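*Asks:* Could you build all of it, start to finish, from the sequences and the hints given here?
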Amino acid sequence: MQHLAGNLFIVSAPSGAGKSSLIQALLKRHSDMQVSVSHTTRAPRPGEQDGVHYHFISVAEFKALIAKDEFFEWAEVFGNYYGTSKSTIRDSLSRGIDVFLDIDWQGARQIKTQESSAKGIFILPPSLAELEQRLTKRGQDSNDVIAKRMAQAQSEMSHADEYEYLIINDNFDNALNEFERIVLAQRNSFGSQASKHQALLTQLLAKTAN
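Residue numbering for the sequence shown is 1 to 210, as defined by UniProt numbering.
Just so you know, these hints were derived from the structure itself, not from any lab. These numbers were taken from a predicted model, which means no experiment stands behind them. One should not assume that every hint holds.
[Stated by the list, open to error] Here are the simulated DMTMM-like cross-link-like pairs (lysine to aspartate or glutamate), alpha carbons at most 20 Å apart as the crow flies:
#  : residue 1 : residue 2
1  : Lys119    : Asp161
2  : Lys28     : Glu48
3  : Lys119    : Asp32
4  : Lys148    : Glu164
5  : Lys119    : Glu178
6  : Lys119    : Glu130
7  : Lys112    : Asp91
8  : Lys112    : Glu76
9  : Lys86     : Asp104
10 : Lys148    : Glu130
11 : Lys68     : Asp91
12 : Lys63     : Glu76
13 : Lys112    : Glu48
14 : Lys28     : Glu180
15 : Lys119    : Glu156
16 : Lys28     : Asp173
17 : Lys119    : Glu164
18 : Lys86     : Asp102
19 : Lys112    : Asp173
20 : Lys119    : Asp91
21 : Lys112    : Asp50
22 : Lys112    : Glu130
23 : Lys119    : Asp102
24 : Lys86     : Glu76
25 : Lys112    : Asp102
26 : Lys112    : Asp69
27 : Lys119    : Glu48
28 : Lys196    : Glu115
*Replies:* Written out as structure tokens, the structure is:
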């Protein structure tokens, strides 16, 4: 498989751990990074825009895309479908843009079978009590849904050891700085730099003709 110029990051966390907020804050610092806009069949939440936060489509449309093998990964979560477009991501990576995938551990496994260079970052809350408090403060879900999300959170967190990096989001600014250091370090890894400067490396290592 061709090594792409941009880096692909898989970012996972239980709902309420601050994953989306951290990604958006990092994007404000770096214009050459972007988050993948997933397709979903769920209804938009207040303030969400089609094509910005998600591509909101019907179940029939989603299943048609599955049939065409248009997704890197897809999953059903709480009765709604979510999927990650292949063509959109590969186009961004080919242009040297770092892309973040906001997906769960199941999606991460599917992605890594197709893009082995992808790096996983898992974000944890400082405690279960803090996580429940954050979910309650959002005011978006009923008590029953919050209870389901808490149970799902523990299941999700049991897969944190499948990721290359781990961040504890206790203090947002500290977590953001740690997130940024991870991404910038990956940008400067040999694999990433060799891909971007392949012509120079070839020239420097070429034997001089006598």
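*Asks:* If you draw a straight line from the CA of Lys112 to the CA of Glu48, is it 20 Å or shorter?
*Replies:* Violated - the C-alpha atoms of Glu48 and Lys112 are around 29 Å apart, more than 20 Å.
*Asks:* Is Lys28 within 20 Å of Glu48, Cα to Cα?
*Replies:* Given that 20 Å is the threshold and the Cα spacing comes to 18 Å, the pair holds.
*Asks:* When you check the alpha-carbon spacing of Lys119 and Glu130, does it fall within 20 Å?
*Replies:* Given that 20 Å is the threshold and the Cα spacing comes to 27 Å, the pair is violated.
*Asks:* Under the criterion that the straight-line Cα-Cα distance not exceed 20 Å, is the pair Lys119, Asp161 satisfied?
*Replies:* Since the Cα atoms of Lys119 and Asp161 sit roughly 13 Å apart, the hinted pair holds (cutoff 20 Å).
*Asks:* When you check the alpha-carbon spacing of Lys28 and Glu180, does it fall within 20 Å?
*Replies:* holds (11 Å)
*Asks:* Is the Cα-Cα distance between Lys112 and Asp69 20 Å or less?
*Replies:* Judged against 20 Å, a Cα distance of about 16 Å means the pair holds.
*Asks:* Holds or violated: Lys112 and Asp173, Cα atoms, limit 20 Å.
*Replies:* Violated. Lys112 to Asp173 sits at ~29 Å, over the 20 Å cutoff.
*Asks:* Within a Cα-Cα threshold of 20 Å, do Lys119 and Asp102 meet the stated pairing?
*Replies:* holds (12 Å)
*Asks:* For the pair we were handed, Lys86 and Asp102, check the Cα-Cα distance against 20 Å.
*Replies:* holds (14 Å)
*Asks:* Does the structure keep Lys119 and Glu48 at a Cα separation of 20 Å or less?
*Replies:* The hint is violated at about 27 Å.
*Asks:* Decide if the proposed pair is consistent with the structure: Lys112 and Asp102, CA atoms, cutoff 20 Å inclusive.
*Replies:* Within the cut-off at roughly 14 Å; holds.
*Asks:* Next pair to validate is Lys86 with Asp104; report whether the Cα-Cα distance is within 20 Å.
*Replies:* At roughly 17 Å apart (the allowed maximum being 20 Å), Asp104 and Lys86 satisfy the hint.
Consistency with the previously given hints fails for numbers 4, 6, 13, 19, 21, 22, 27, ordered from lowest to highest.
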